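**Student:** Construct the complete structure from the given sequences, taking the supplied hints into account.
Heads up: the sequence shown begins at 113 in the numbering used here, then just goes up one per residue.
It is possible that part of the hints are untrue.
Said to hold, decoys possible - Cβ-Cβ distance ranges computed for the label pairs, FRET-style: (1) Leu122 to Gly154: 29 to 37 Å; (2) Ala151 to Ile126: 36 to 44 Å; (3) Leu145 to Asn118: 38 to 46 Å; (4) Ala157 to Val125: 28 to 36 Å; (5) Gly146 to Ser119: 32 to 40 Å; (6) Glu123 to Ser165: 39 to 47 Å; (7) Val156 to Ile135: 30 to 38 Å.
FYI, nobody ran anything at the bench for these hints, they're computed from the structure. Given the structure is predicted, the values throughout are model-derived calculations rather than measurements. For each residue, glycine too, the CB sits at the ideal point set by N, CA and C.
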Amino acid sequence: MARADNSTLLEWVIGVAYPIGDIGVITMALLVLGHVRPALRGSVALLVAGAVSLSLAHGVYALRLQADQRRVRPPRR
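**Tutor:** Following this line, the structure appears as structure tokens:
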């Protein structure tokens, strides 16, 4: 993620933290799935699928929001 000229360091850090958090959620969900007993694997797999879907949807939404802001933002004078 490139830092825009008009963004502060805090904005950049927060912008980078969100994708890292999404990757962390996906990683932890997959690790939990690998450590669960076979009898519970089906229900935990549904929870993992939900967590992964939520993280992926969050990432797609954030990217789409950034693209829309670039397109709609008026030019600087």
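**Student:** Check each numbered hint from earlier against the structure, then list the numbers of those it violates in ascending order.
**Tutor:** When the structure is compared with the hints, numbers 1, 6 and 7 turn out to be violated.
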